[in-house]
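J.: Those sequence lines, one after another, are chains A and B.
Each residue of the first sequence is one higher than the one before, counting from 1 in the numbering used here.
Each residue of the second sequence is one higher than the one before, counting from 1 in the numbering used here.
A hint or two may mislead.
As the list claims (entries may be wrong) - Partial list, computed: chain B residues near chain A (C-beta under 7 Å): (1) K170; (2) V171; (3) I301; (4) A350; (5) H610; (6) W632; (7) S641.
What the hints assert, rightly or not - Short, incomplete list of chain A residues facing chain B, as computed with Cβ under 7 Å: (8) C38; (9) V71; (10) E74; (11) C97.
Please keep in mind that the hints were generated in silico from the structure rather than gathered at the bench.
From the three backbone atoms N, C-alpha and C, an ideal C-beta is built for every residue, glycine too.
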Amino acid sequence: MLSFTLNGAAVTLDMPDDVALLHVLRGPLGLSGPRFGCGNEQCGACMVLVDGEPRCACTVPAAAVAGKVVVTVEGLGTPEAPHPLQAAFLAEQAGQCGYCLSGILVSAAALLARNPMPEESAIRAALEPHLCRCGSHNRILRAVAQAAREMA
Amino acid sequence: MHRLPGNLNTNRRLSQWLAIHPEGRVTITPGKVELGQGILTTLSQIAAEELEVDLARIEARPAATPDSPDEGVTSGSLSTQDSGGALRHACAAARAIFLGVIAQRVGVPPEAIRIEDGIFHGPAGPIGSYWSLADQALLDCEAPAEARPRAPGERRIVGRSVPRLDLPDKVFGAARYVHDLRLPGMLHARVVRPPARGARLVALRDGPLPDDARVVRDGSFLAVLAATEWQAEAAATRLAARAGWEAEDTLPEQALLIDWLREAAARGERSSVASRAEPAPPAAQTLRRSFHRPYLAHASIAPSCAVARWDGDAVEVFTHSQGPYNLRADLAKTLRCDPALITVRHREGAGCYGHNGADDVALDAVLAARAAPGTPVRLLWSRAEELGWAPFSPAMLADVEADLDAAGNLVGWRSHIVSNGHSSRPGRDPEPTLLSASMLAAPFPVKPSINPAMAAGGGAPRNGVPLYRIPVMGVETTRLLDMPIRTSALRGLGATLNVWSIESVMDEAAALAGADPLDYRLRHLDDPRAIAVLRRVADLAGWAGRVRREGFGMGIGFARYKNTGAWAAVIAEVEALDRILCRRLWIAGDVGEAVNPDGVLNQLEGGAIHGASVALLEEVRFDRRSVTSDHWEGYPILRFSEVPKVDLALIDRPEEAFLGAGEASMAPTIAAIAGGITEALGIRPRQLPFTPETLARA
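Chain A extracted, bound-state conformation (with noise of 0.2 Å):
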């Protein structure tokens, strides 16, 4: 049996253990934020975060996740409370098709945590894994950028 923490509330589930954890969320756990974008962790549309951490979750074996907390965009906050960053893409209208704003936000939100005020360069950085095709990086640097500004 699996077990791990997701979005806040404990998850126990049988699985094979090769599985990506990508699969479990989108399939026995029901999510549908993490998306598939390539299986080969060179997009970032699956981007989750584990134990705080930005994790490829295309590619983590679902048994890799045991113990440890897992968090996706529908943990960072709800239309009711969004958190800080979802509500600066809103305010920004940071998105296009938007496919690859879930992995975005957590990414984003993995760098306010442990940089609380970053610049336009490490905004730039923390993003680089991610792709966007839509050209919408603008708005979503300047929404990272206000999400950090509210959040201070």
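Knowing the structure of chain A, use the given hints to seat chain B on it.
T.: Then chain B, alone, in the frame of chain A:
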């Protein structure tokens, strides 16, 4: 029959476009679809404005056959014109109908009634509402010839920036995409693609598959069905190892692609695009230049996906296709069945920039689901399929000759644009154009792609006719009839090459004339809106007072998209290091009436960043058998560290027609970056992408 605005002309009943519900809601049912561009927000604004109800009361339903109006394909930066124009007229007509009924019922003249958030107020107070009267029979009529949309000065919702209606779901990770559909009992499917284009499946060794996965085969179409995604992936991997293919070399040598384009052009279909012969001074000198771009990929962040379910002879498909009716038509041709047996329902996918794999994967899901009648089947492409098998934007070549008179003015222009066709969209040919249709046991041919008519903007020659004042002109194009790599529409179509080639020649002609590139363009332009965007972008970027910096350069690019759509002018600043980086972009756009100005800015910026990515990085790579750039390392796109800062100016013209925003800025950005490279390095790029390798050949 009277002519009605936009696609109302071909879908004439008001009830096809909107419904009013007693609980205080309005649904609109456009046939255009959300591609990540924000169109459903725009269309909702238009409906709310004309009905005079709060935006929150409007719900835009995703398009579906057979009930949505057939608005063809969501493409060409035409949705605000075609669907917005229709909804503006339809909703204004609906307002007049309800107003007339209420006026008659209470005996108040219509002019004495005002509407506030759907409540009708007479001189003495409220006298009714859409909701109290909600009677769909009132809208079950043909749209009248006349409707009185609200005048620019009266508008309260249109022309204001409003938040995108779809964005909250996307920042909270909600199940919004077709990828997120979870239907009861749903199975997961994956395709096993051939190792080469045109390969035939000649052997399939028997053997067990994990977890009771099932094989689906029709000719060379091979797929697996399983209960979960990971079981489907594992089964596909195992099945691929058992498949034997017969393959041969069908692709040109990539290193000799330009030579191949010239050879194939000799066998192609040559036609005139534009010709003009007005009195002109004699030519004093002639510039002869050639420009080339490689095949380009859509490179959407999500692989294409669809969900299909068979019920007897009927099938229902959930898809992120741009054209639900067109897809339905090609599915019916492939299945050799009545289109009425097929229901196509749109659900959002990741960003769509043209004819990508969305339609292809819908057929794949239908084929896979046929093996599990009554069961929904979700088929997701792999990243390798998305980057390796979706249609590509074709490689192109343009030869330009420009004559200058003794004063350095342009007096003659001859060009020849060589390319495969830029459209193999479904729904337009007697035979289906869907990828796997050519792989079936009873296969359909893969025909060479076509070009949309010039009246619709053209394909390869899109924006190939300079807007500059040139008295003698001859523009020709050759559509290739050999198509080793399947091609179709991608943002801008031929404009990405043609605008750059025209603007590059303008820069070079300006230099020969001893003129500033901006001044030289202005002196060849009569169109006041073209002049306005160029002046505006020059002000924004401080063009006139700019100071040259070692290693940096600025360039300018301009186009009116399709020569009939939005105007955009772009200035780029590049830095030449070990490779070229685009540091800043300044953009001025004129899209006519901007319904959601922030949405327009978002589109203009996104298109420009897409253009910067194409300019600096993008090139489909292939060997003699297949596309090899089928992963992100092989097909890099612009990343956060490389994205330029962008400043934008929108010239809003509320009294003018809508023109569409999605494609206007991309090609001028490529041209501006090329100009910046010339200023920084003194060389003129001749080949995309502008990498150290191609610049070394310039």
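J.: Taking the hints in turn, state whether each one holds.
T.: Hint by hint, here is what the structure shows:
no., hint, in the structure
1, K170, "holds, 3 Å"
2, V171, "holds, 5 Å"
3, I301, "holds, 5 Å"
4, A350, "holds, 4 Å"
5, H610, "holds, 6 Å"
6, W632, "holds, 4 Å"
7, S641, "holds, 5 Å"
8, C38, "holds, 4 Å"
9, V71, "violated, 11 Å"
10, E74, "holds, 5 Å"
11, C97, "holds, 3 Å"
Hint check: a violation occurs at hint 9 only; the rest are consistent with the structure.
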